[in-house]
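Chain A: place on chain R using the hints.
As a plain string of letters, each chain reads:
There are 2 protein chains.
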Amino acid sequence: MQIKENPTIGFIGTGVMGKSMAGHLMDAGYKVLVYNRTKSRAEDLLEKGAMWKETPKELAAACDVVITMIGYPHDVEEVYLGKEGLVNNARPGTVLIDMTTSTPSLARRIAEEGEKKGIFVVDAPVSGGDIGAQNATLAIMVGGKEEVFEAVRPIFELMGKNIIRQGDAGAGQHTKMCNQIVIASTMMGVCEAVVYAEKAGLDPELVLQSISTGAAGSWSLSNLAPRMINGDFNPGFYIKHFVKDMGIALAEAEAMGFHAPGLELAKSLYDQMVQMGEGELGTQALYKLIREN
Amino acid sequence: MQIKENPTIGFIGTGVMGKSMAGHLMDAGYKVLVYNRTKSRAEDLLEKGAMWKETPKELAAACDVVITMIGYPHDVEEVYLGKEGLVNNARPGTVLIDMTTSTPSLARRIAEEGEKKGIFVVDAPVSGGDIGAQNATLAIMVGGKEEVFEAVRPIFELMGKNIIRQGDAGAGQHTKMCNQIVIASTMMGVCEAVVYAEKAGLDPELVLQSISTGAAGSWSLSNLAPRMINGDFNPGFYIKHFVKDMGIALAEAEAMGFHAPGLELAKSLYDQMVQMGEGELGTQALYKLIREN
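Residue numbers (this note's numbering), protein chains in the order written: chain R, -5 to 287; chain A, -5 to 287.
If you are wondering where the hints come from, they were derived from the structure by calculation, not from laboratory data.
Check before you lean on any hint, since a few could be wrong.
Treat identical chains as interchangeable: a pair holds within one or across any two.
Said to hold, decoys possible - Computed list of lysine-lysine pairs in DSSO-like fashion (alpha-carbon distance at most 27 angstroms, straight line):
(1) 193 with 261
(2) 77 with 282
(3) 193 with 139
(4) 238 with 193
(5) 42 with 110
(6) 261 with 282
In this text the structure is predicted, and so the values were computed from the model without any measurement.
Bound-form chain R, shown alone (with noise of 0.2 angstroms):
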């Protein structure tokens, strides 16, 4: 397949990355139309001139590409399969590309009632934040049709660097998942290992300078530990997505039949942090609780 030369692009989700992903989109010269469940969200692309759509339904209707990027997999499922949804709204032919962490069997479902109606879907979720977002290094982690992939894989080459298709529907999600469990255990090693040094009364940059290179080096300890010792504990990343991410990938490796104790740990720990208020706070902030445990 191909999709037109110069695609108008849909983009649904302006929040802190989609707001770069999109900006990156008109960089390259595309039509890119955006709507945005606030709109004062989306001023800035709109004075960047991105054109502003008031329903998501408006949107598909006037695009060749809808890329989403939004919130939980329950908004997911309504943007995407509605009534005033994308695949019920969308014209033949249209690619939609899901870059929300979502559920993999909900990016299976959407495929599969797009292909019903002649659309193609892409589940595309990413990882980098918003600094990967800014500067267009994403890791973009795509399930889906081969061609349909390699269709608009230009669009993607515009926010991401390390851009892989891992299988087809669901399978960027799940990869993405794994992704997730890794950095939940991992978090709680970086935290420990802080409140440690601190409680052993080291010095804990210096206590970096020794570890982070070596065989406990990670890009965690690299760039929130730091974070964790200074005290800012503003959100790279918010433990409230991080728990929607966690509680999606612990149901699917129930549905599989396995147990994963870290993640489970490590999302009951998260759970705490919610618990006590701390959602909007970034995940080096599960240094808090270790601290005061």
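Coordinates of chain A only, in the frame set by chain R:
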């Protein structure tokens, strides 16, 4: 302080790592005396020209610097503080360097006992494993007096690259505990993600390509996940040694009055593996427990 210009160096513990480390000292022209509980494991070094000593006592009496790289804290205690041990038999002015991963409190006790006899003691555990030892790229985490550290720094520089004094006696061991604490939970995350990928029907190597360069990235993911996927459970780092280290870290955390839930969980999982008779496997074999869970 200064040590003799061409100090005679004793090396106790010529296992996989110790052999490489002592070899680097010999390559640099140092006269090296060796002792090992099992003499056959020192053969390579003896052939290379190292001089054998029958006991730690004899070795201590003939050296200006003694380095130990042995097994468990009780071995360290015996070799250092036993009647036939280093502290009681080294000449005043000798520098004793314990590179074993051992107990911070024991490191402090040895340093105190040494001080009474005019002997300088430094704890300097390492990270980087057999490969780091072979390539002289170990991270070396040092606890001890600044002037003693500076005096023996040239010796460390023949074995490692990231050499940092973390504080007074025991600080090297505490820093190594931080290293092991990070690894403990990270390993759970890596194992669970690989199992998830396989059970979800993904190509786990392709998944690693997506997730290893981003926020989930870690040394363990890049280096040990491929071994899990290939069914290679040979020890880079033995489970039985890791369990020892985690036990020390847990005891220290408890003594400081804080809980490290990730570390506790990881230790309990690795304990199960030891009970199943798999302590001789590499730490990546935790994958098997998660997979069959």
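A quick look at each hint next to the structure:
no., hint, result
1, 193 with 261, "both (25 angstroms within a copy, 21 angstroms between copies)"
2, 77 with 282, "neither (44 angstroms within a copy, 46 angstroms between copies)"
3, 193 with 139, "between (52 angstroms within a copy, 21 angstroms between copies)"
4, 238 with 193, "between (32 angstroms within a copy, 21 angstroms between copies)"
5, 42 with 110, "neither (36 angstroms within a copy, 74 angstroms between copies)"
6, 261 with 282, "both (15 angstroms within a copy, 22 angstroms between copies)"
In summary, the structure is inconsistent with hints 2, 5 from the numbered list given earlier, while agreeing with the others.
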